[in-house]
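Trainee: Here's the letter readout for the chains.
Number of protein chains: 2
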Amino acid sequence: MLKLFEYNWQVRKDWFDWCESVSEKELLERRTGGPGGILYTLFHIVEVEYSWISGLQGKPEPQEPPFEDYADVQKLRDYSARCHEEIAPFIYGWNSSMETRFLSDQNAKGERFDFKYGEIMRHVIAHEIHHIGQMSVWSREIGKQPITANLIRRGLFDI
Amino acid sequence: MLKLFEYNWQVRKDWFDWCESVSEKELLERRTGGPGGILYTLFHIVEVEYSWISGLQGKPEPQEPPFEDYADVQKLRDYSARCHEEIAPFIYGWNSSMETRFLSDQNAKGERFDFKYGEIMRHVIAHEIHHIGQMSVWSREIGKQPITANLIRRGLFDI
Chain G
1 MLKLFEYNWQ VRKDWFDWCE SVSEKELLER RTGGPGGILY TLFHIVEVEY
51 SWISGLQGKP EPQEPPFEDY ADVQKLRDYS ARCHEEIAPF IYGWNSSMET
101 RFLSDQNAKG ERFDFKYGEI MRHVIAHEIH HIGQMSVWSR EIGKQPITAN
151 LIRRGLFDI
Chain R
1 MLKLFEYNWQ VRKDWFDWCE SVSEKELLER RTGGPGGILY TLFHIVEVEY
51 SWISGLQGKP EPQEPPFEDY ADVQKLRDYS ARCHEEIAPF IYGWNSSMET
101 RFLSDQNAKG ERFDFKYGEI MRHVIAHEIH HIGQMSVWSR EIGKQPITAN
151 LIRRGLFDI
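Protein chains in written order, with my numbering: chain G, 1 to 159; chain R, 1 to 159.
One chain only, chain G, in its complex shape (with noise of 0.2 angstroms):
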């Protein structure tokens, strides 16, 4: 599990690094898929990320922050290491006792869900490789490379 989270925040921070040489009108603009536009959804991949993992770990909701505070490359490059800094004990300390453990979670219609700790540590994975995909079209219709989503070849596997 943690080596997938690892692939997640490594390809997180070489899109990062790519969006410095892309203009702020290009991130900042809507496009078509996906939560909006290519900085909107790296924020959005942060978000959730944190808001999930808060939950696994006992913590209230994070109340959600206005986009418009980190519609920047910097901003939001310094808000995702802050809830990462806060998530990552959790992601480091996970073991295969917790798979089983239920987290209670309520939509938005007041209906109550219990999801297993498992379930949730696997949708957050899966829910910013899915947005990354997005986020590689859009790379090439502004006419750039996209990072690499290949997992091997990354280093993650050497120690």
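None of these hints come from the bench; they were simulated from the model.
Be careful, since some hints might not be right.
Which copy is meant is left open, because identical chains are indistinguishable; a pair holds if it fits in one copy or across any two.
Distance condition first, Cα-Cα at most 27 angstroms in a straight line; then the derived BS3-like pairs of lysine-lysine [to be verified]:
{"hint": "1", "residue 1": "K75", "residue 2": "K109"}
{"hint": "2", "residue 1": "K144", "residue 2": "K109"}
{"hint": "3", "residue 1": "K116", "residue 2": "K3"}
It should be emphasised that the depicted structure is a prediction, and the values quoted were computed from it without experimental measurement.
With chain G's structure known, arrange chain R on it following the hints.
Mentor: Then chain R, alone, in the frame of chain G:
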């Protein structure tokens, strides 16, 4: 690990169903980003999973069939099912002692690489999710709702 494969297989099936309501022209059209059009991307997903897992099973690398043989939803569905039948026993038989086994692979330039089995397994998982993310953008481009990428609420953790 298994749950993420099961997620991919379920999502892939949903996309095959989705394809039934899309014209052949749209399914075959070359699109921006990703490996090609919608149907070709599904073919690529099947082929890459089959090829890597066959390698982990100790089988010789399968010959990649020409896409033209499967450029049709039903034919591709059947191809996916045939590949699945061959690789599923390996995925279901996976255990953590297999993580650090090595697979030796050769690239187009003839250079050899050693990969841990665990690295390949996660690479295959991320590969499919990433390409499905691209499909979701193309789906919106042709005015159709994409298959949900949510891993939660798919019944994957009910047992």
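Trainee: Under a CA distance limit of 27 angstroms, which applies to K75 and K109: within one copy, between copies, both, or neither?
Mentor: This pair counts as neither: shortest intra-copy Cα distance 33 angstroms, inter-copy 42 angstroms.
Trainee: Measure nothing new, just compare the shortest in-copy and cross-copy C-alpha distances for K144 and K109 to 27 angstroms and report within, between, both or neither.
Mentor: Classified as between; 26 angstroms across copies, 41 angstroms inside a copy.
Trainee: From the Cα coordinates, with 27 angstroms as the cut-off, is the pair K116 and K3 best called within, between, both, or neither?
Mentor: Close inside one copy (20 angstroms) and across copies (13 angstroms); limit 27 angstroms.
Hint check: a violation occurs at hint 1 only; the rest are consistent with the structure.
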